[in-house]
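Single-letter residue listing:
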Amino acid sequence: MRNVRLDLLVTRTAPPAPALSTPMTIWWLGERYRVRDGYGRGYAEIVGDVTEPRGFGLVPRTIGEFMDATASTPRGETDLWGDLASPDAMVREPSGREWEADSVDIARVAGQVFAPRFSTAPTARDSRLGRDAWEYRSFLEGRDNGVKFRSLVRTLVADGYVLMREVTDARGGPMSRLMEVTELDEGSVTEGDLRPS
Amino acid sequence: MRLRATAPTHRPAARGGPEESSLDAASALQSRIGNRAFGDLVARNPVPTVQRWIFIAGTQVGRRDARLDATTRPLARDRKVRDYVDDAEMNAHASGTTDYLGHLPGPTSRNTWVRFSPTGVNLLGENHTQVTLEQVAPAVGSTNFTYEPFSRDVVGGATATAMDTETSGRMTRMGVGGGNQRDHGGESVFPKLAYNMEALTPYFSGASPVSELRRRNGYFGQPAQRYLKVTWAHAKDVALEVAMLQATAQAVPPAKQALATVVANHRAALEPYITGLAVDGWLGDTLDTRRNRALLPALLDLANAFMPVMIARAGADPGLSSAQQTALGGMPTGTHAERGAMFSAWRNMHFEQALTDAVANGVRYQGMGMAHLAHLQSQGLPGGTHPFDMTAADIQGFERATARLRRIAR
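Note that the protein sequences, when read in sequence, are chains W and S. If you're matching positions, the first sequence starts at 1 in the numbering used here and goes up one per residue. If you're matching positions, the second sequence starts at 1001 in the numbering used here and goes up one per residue.
Treat the hints loosely; a few may be bogus.
[What the hints assert, rightly or not] SDA-like, lysine to any residue: derived pairs with alpha carbons at most 20 Å apart:
#, chain 1, residue 1, chain 2, residue 2
1, S, 1256, S, 1100
2, S, 1256, S, 1241
3, W, 148, S, 1288
4, W, 148, S, 1280
5, S, 1256, S, 1312
6, W, 148, W, 168
7, S, 1256, S, 1129
8, W, 148, S, 1157
9, W, 148, S, 1275
10, S, 1080, S, 1100
11, S, 1080, S, 1110
12, W, 148, S, 1110
13, S, 1256, S, 1285
14, S, 1080, S, 1111
15, S, 1256, S, 1280
16, W, 148, S, 1129
17, S, 1256, S, 1211
18, S, 1256, S, 1246
[Claimed, not checked] Chain S stretches covered by chain W per the calculated footprint, using a threshold of three residues with CB under 8 Å from any CB of chain W:
#, region
19, 1108-1114
20, 1118-1124
21, 1155-1168
22, 1390-1398
For the record, the hints were derived by calculation from the structure and aren't laboratory data. Beta carbons are placed, not taken as given, at the ideal position from N, Cα and C, and that holds for glycine.
Given the sequences, and given the hints that come with them, work out the whole structure.
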């Protein structure tokens, strides 16, 4: 049965907003999962990490959003709980407000630490967290604001886990998103970790 | 423990399109004979209505339900979920007299049925690239709103003209084209102008590459251009004000004098460039050329001279209370971070004032970024206001309620 806890550090860059570094923890126990965002980001931002087409997450676009990002400070912790067998998940905001959400997007957030199948061969070998790891390169492509984009994705995989995923603009733009696993602990997750306290 | 190198699987999206079932005879008839002929037929005979999607008090309205009439029947034909509390609400919505019910137009949450408060002020906290008031207001049929992109400042001259140019498209899309922006203003433009010039300074000084402001490279280049145009317009207004003060032998504030000097020194170079910038363009697309990079020193002079005028304005902003002016005037502004904090506080004070005005004036919707709604909530919302988090809980609630009714519709 799946039983693993991973600590992540997610860093987003979208100048001129300052880089935003967010510690996250993801627990998996069987089909159930929990995500904790240690910056207290909102639901849309957390989900945007895995749904935004360019791979940079939900970055500021308007002057107001750039201002908000510049003035932003940690807000506490946001927790999300779900179960692959249920369409419903739960969100608890830093304020303590709890509400039900669609589990599909949250499962994608929790699942970002599991490696997908790559259609290409690895491009490099590395070591991370004491594990032999393979680096894969892929691209995200599409159109945004009426122009083509191409994002380079470097993914470092070990034992089925994504230990690092870096998205940069293949055309040289300054936006980026870096997800790094800083700790990986298998077999330590208990029922208590998955139970809303 | 070792895991397979595959992503976890989960159920397919539950919120896809409507659950399509076979069309009934009426639907087939409609497609065969065309909408107009079908409408004529329905007008004579109310029976063959295609409807599965109207709910009243949680119960689906049957196709032969006597409550449907010539006004409500069209609502029953387009396969969108509608969820009313009673017959009267359905009839009111069908006749266009409600301003709190509707379907989101998309692209985010398309066809989601939304319900806001029928009374008081609905406060919408949004992410500006997801579900926004620009989508909600037309969906619920309201033009009684104030909104963050519109300025509540009392300004005239070139500043007002530039602001109107930049916002006229959005005003039109929200059904208030040709109106006074100030009637719908949700905050002040001046903190944005100040932040923009602060953020552009590294680009103008050469510390950051101007190419970052190109459309293909990021998002900041677009608002940067919009607010640079308004900044230049305001700088020209300040220069005019200085000239009038001098002509009448009145004292001229040093910061305004310095800005007027910059305008005079660089008008020949900056005027044609800045006023020639297109609405909604990206600054880097024109500035990152050999010819226009020569304008960077002049733009840096503008930014440096503009900032003291904005800081002085914050401490005497006529759109704020005297207590707020004093609070802003006392904030430190010596560093980039301190100025950022002051600009942010400045904005929030305008949102507070806009909320006070909205309650007093019977405004039905006030739209803003979610961070600002959270600020207002932290200050305590006045009675008669209804907050909606359109980035998380409330939009999810609308989506899930709509999906649930789609699933149970027969």
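Here is what the structure says about each hint:
The straight-line distance between the Cα atoms of residue 1256 of chain S and residue 1100 of chain S is roughly 46 Å, outside the 20 Å bound, and the hint therefore fails. Of the supplied pair hints, the one linking residue 1256 of chain S and residue 1241 of chain S holds, its CA atoms being roughly 9 Å apart against a limit of 20 Å. Among the hinted pairs, residue 148 of chain W with residue 1288 of chain S is consistent with the structure: their alpha-carbon atoms are about 19 Å apart, no more than 20 Å. Restraint check for residue 148 of chain W and residue 1280 of chain S: the C-alpha separation of about 18 Å stays at or below 20 Å, so the hint holds.
With a C-alpha separation of about 10 Å, the suggested pair residue 1256 of chain S and residue 1312 of chain S falls inside the 20 Å cut-off, and the hint holds. At roughly 14 Å between alpha-carbon atoms, residue 148 of chain W and residue 168 of chain W fall within 20 Å of each other, so this suggested pair holds. The suggested pairing of residue 1256 of chain S with residue 1129 of chain S is violated, with an alpha-carbon distance near 36 Å, which exceeds 20 Å. Among the hinted pairs, residue 148 of chain W with residue 1157 of chain S is inconsistent with the structure: their alpha-carbon atoms are about 39 Å apart, more than 20 Å.
This hinted pair does not check out: residue 148 of chain W and residue 1275 of chain S have alpha carbons roughly 28 Å apart, beyond 20 Å. Using a Cα cut-off of 20 Å, the hinted pair residue 1080 of chain S and residue 1100 of chain S holds, with the two alpha carbons roughly 17 Å apart. In summary, the hint linking residue 1080 of chain S to residue 1110 of chain S is supported, as the alpha carbons are separated by about 10 Å, within the 20 Å threshold. Proximity of residue 148 of chain W to residue 1110 of chain S is assessed by CA-CA distance (about 25 Å); at most 20 Å being required, the pair is judged violated.
This hinted pair does not check out: residue 1256 of chain S and residue 1285 of chain S have alpha carbons roughly 31 Å apart, beyond 20 Å. With a CA separation close to 7 Å, the supplied pair residue 1080 of chain S and residue 1111 of chain S stays within the 20 Å bound. Taking the CA atoms of residue 1256 of chain S and residue 1280 of chain S, the gap is about 29 Å. The hint is violated against a cut of 20 Å. The suggested pairing of residue 148 of chain W with residue 1129 of chain S holds, with an alpha-carbon distance near 19 Å, which does not exceed 20 Å.
Distance hint between residue 1256 of chain S and residue 1211 of chain S is unfulfilled; the C-alpha atoms sit about 31 Å from each other, more than 20 Å. For the proposed pair residue 1256 of chain S and residue 1246 of chain S, the alpha carbon gap of about 12 Å is at most 20 Å, so the pair holds. Counting residues of the region 1108-1114 of chain S whose CB lies closer than 8 Å to any CB of chain W gives 0, which falls below the minimum of 3, so the coverage claim is violated. Only when three residues or more bring their CB closer than 8 Å to a CB of chain W does the claim for the region 1118-1124 of chain S stand; here the count is 0, and the claim is violated.
Taking a C-beta to C-beta cut-off of 8 Å, the region 1155-1168 of chain S contributes 0 residues in contact with chain W, too few for the three needed, and the coverage statement is violated. Residues of the region 1390-1398 of chain S lying with their CB closer than 8 Å to a CB of chain W number 5, which satisfies the three-residue condition for coverage.
Hint compliance for this structure: hints 1, 7, 8, 9, 12, 13, 15, 17, 19, 20 and 21 are not met, and every other hint is.
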